[in-house]
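**Student:** Below are the chains, spelled out letter by letter.
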Amino acid sequence: MSVSTRITHREVLQALSAVPDPEIPAVSITEMGMVGPIRVEGDRVEVTILPTFTGCPAIDVIRSDVDAAVSALQGVEDVVVNLSFEPPWTVDRITPEGRAKLKDFGLAPPGPGGPVLITEIGLPKVAECPFCGSRDTVNENPFGPTPCRALYYCRSCRNPFEQFKPI
Amino acid sequence: MSESLVAVMTALADDELVLGHRHSEWTGFAPHLEEDVAFSSIAQDEIGHATAFYRLIGDLTGTDADQIALGREPNQYRNATLCEQPNGDWAYTLARHWLYDHADDLRLEALEKTAHAPLSALITKIRREERYHLIHADTWLKRVAHGPVEGRNRLVAAVTDALPHAVGLFEPYELEEQAIDEGWLPVASKDLAEKFFDAMTEALDRLGFPAETHSRPDQRAEFVASSSGDLIAGEGDGAIGEAESASAAAGGRRGQHTAAFDSLWEEMTAQFRAHPGATW
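Those protein sequences? They're chains V and Y, same order as listed. Sequential numbering from 106 applies to the first sequence in the numbering used here. Sequential numbering from 180 applies to the second sequence in the numbering used here.
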């Protein structure tokens, strides 16, 4: 390994910041807080991904996208992508930028932010409509099109919207 | 590799896979659209949990997760018979969902303290997701129990039918004593069975369900050691043949399934058997 091709932790993170969440393409996996430990050893890079939900069907796509993004870095010969539940992914891992982008995408960010204790897990009675900002909203279904989303309806602007589940 | 640890994880995974399969049968058919979405999503969660357990087994045994999930003969599955029962009517689906998720909550809470660190971490994650299943099940149980009389009567009948099978979720795992000695299993199944039964009867009493719902002897099945040392369902009097027939709950953890499992297995594994090694 020559000094000129030395791969840095920062380069890897930068490459990962261009990998979108396949189900919420407006947000990257780094903004979602899905990137766990990164280990660089010579020309070998090991990345650990923390799934948002255990059964998230996007995980295989994310794994191959992570592999492709890191493999594209100059000097990388070998990429290993691990999945881990240690630590468990929780909504407080989403960055402030990520939360803003979720809202722009039409997906209400989960709760006010900060850690959610297991005993506090559940849907907020009132969610803020990502389209008009009204709090005159109602939960229609705690389950939605993906494991991480719940369905709401805004009585003010009369739009249905989705809420990222506090977990 | 520890065989007893694999046995515990196989039972958990098979429960989630088989019940997930049953839940998925509501996709397109549930009584209303929101529940179609809800049961489809819960099915996806359960099958996702099963996949994660199968991967942990695969890490120990070197076997592919799909091969474990879909490549076994019916008598090699270790799910409790509760999970394989047909969906029946909406009341049975709700009764089973409620009983299963409360049982699952109890056993996962105990198993989070397992000595197998990757399993403990996975369970920490799963328990957070399962909160939504519990909230859903509790909401529906109350709604139907306090609703019109036909729905309530159907729910009472459904709970009465499902409870013996639910107790079967706590039939001891294969190699359970070994799993306890080796630190994989922090609490014995029989201790959890009692806790589960007490919690469920208390909840049913609160809903004003008739005592017959949860007072049949087979619903109170205890698990005793047979002469071969296996733990089986029984009344504690050592009359094994009689005891086995007294409880429909027993057997799943030893690969003895009800007739309903055959057709479920046929369908669940059809693609895997027809196209070995296929990927997409």
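In short, the hints are calculated from the structure, not lab data. Some hints here could point you the wrong way.
Pairs of lysine to aspartate or glutamate, DMTMM-like flavour, derived with a Cα cap of 20 Å [to be verified]:
| hint | chain 1 | residue 1 | chain 2 | residue 2 |
| --- | --- | --- | --- | --- |
| 1 | Y | Lys321 | V | Glu245 |
| 2 | Y | Lys321 | Y | Glu214 |
| 3 | V | Lys208 | V | Glu245 |
| 4 | V | Lys230 | Y | Asp317 |
| 5 | Y | Lys374 | Y | Glu288 |
| 6 | Y | Lys321 | Y | Asp377 |
| 7 | Y | Lys369 | Y | Asp317 |
| 8 | V | Lys230 | Y | Glu213 |
| 9 | Y | Lys292 | Y | Asp384 |
| 10 | Y | Lys292 | Y | Glu361 |
| 11 | Y | Lys374 | Y | Asp384 |
| 12 | Y | Lys292 | V | Glu245 |
**Student:** Does each hint hold? Answer for all of them.
**Tutor:** To see whether the hints hold, each was checked on the structure:
Between lysine 321(Y) and glutamate 245(V) the CA atoms are separated by roughly 18 Å; this keeps the pair inside 20 Å, and the hint holds. Of the supplied pair hints, the one linking lysine 321(Y) and glutamate 214(Y) holds, its CA atoms being roughly 16 Å apart against a limit of 20 Å. A hinted pair counts as satisfied when its Cα atoms are at most 20 Å apart, and lysine 208(V) with glutamate 245(V) qualifies at roughly 19 Å. For the suggested pair lysine 230(V) and aspartate 317(Y), the alpha carbons sit about 17 Å apart, so the restraint of at most 20 Å is met.
Between lysine 374(Y) and glutamate 288(Y), the direct Cα distance comes to roughly 12 Å. Compliance with the 20 Å bound is thereby established for this hinted pair. Between lysine 321(Y) and aspartate 377(Y), the direct Cα distance comes to roughly 18 Å. Compliance with the 20 Å bound is thereby established for this hinted pair. Proximity of lysine 369(Y) to aspartate 317(Y) is assessed by CA-CA distance (about 25 Å); at most 20 Å being required, the pair is judged violated. A distance of roughly 18 Å separates the Cα atoms of lysine 230(V) and glutamate 213(Y); the hinted pair therefore holds under the 20 Å criterion.
A threshold of 20 Å between alpha carbons decides the hint, and for lysine 292(Y) with aspartate 384(Y) the separation of about 31 Å lies outside it, so the pair is violated. Pair hint lysine 292(Y) plus glutamate 361(Y) holds up; C-alpha atoms about 13 Å apart against a cutoff of 20 Å. About 15 Å separates the Cα atoms of lysine 374(Y) and aspartate 384(Y), which keeps this hinted pair within 20 Å; it holds. Of the supplied pair hints, the one linking lysine 292(Y) and glutamate 245(V) is violated, its CA atoms being roughly 36 Å apart against a limit of 20 Å.
In summary, the numbered hints that this structure violates are 7, 9, 12.
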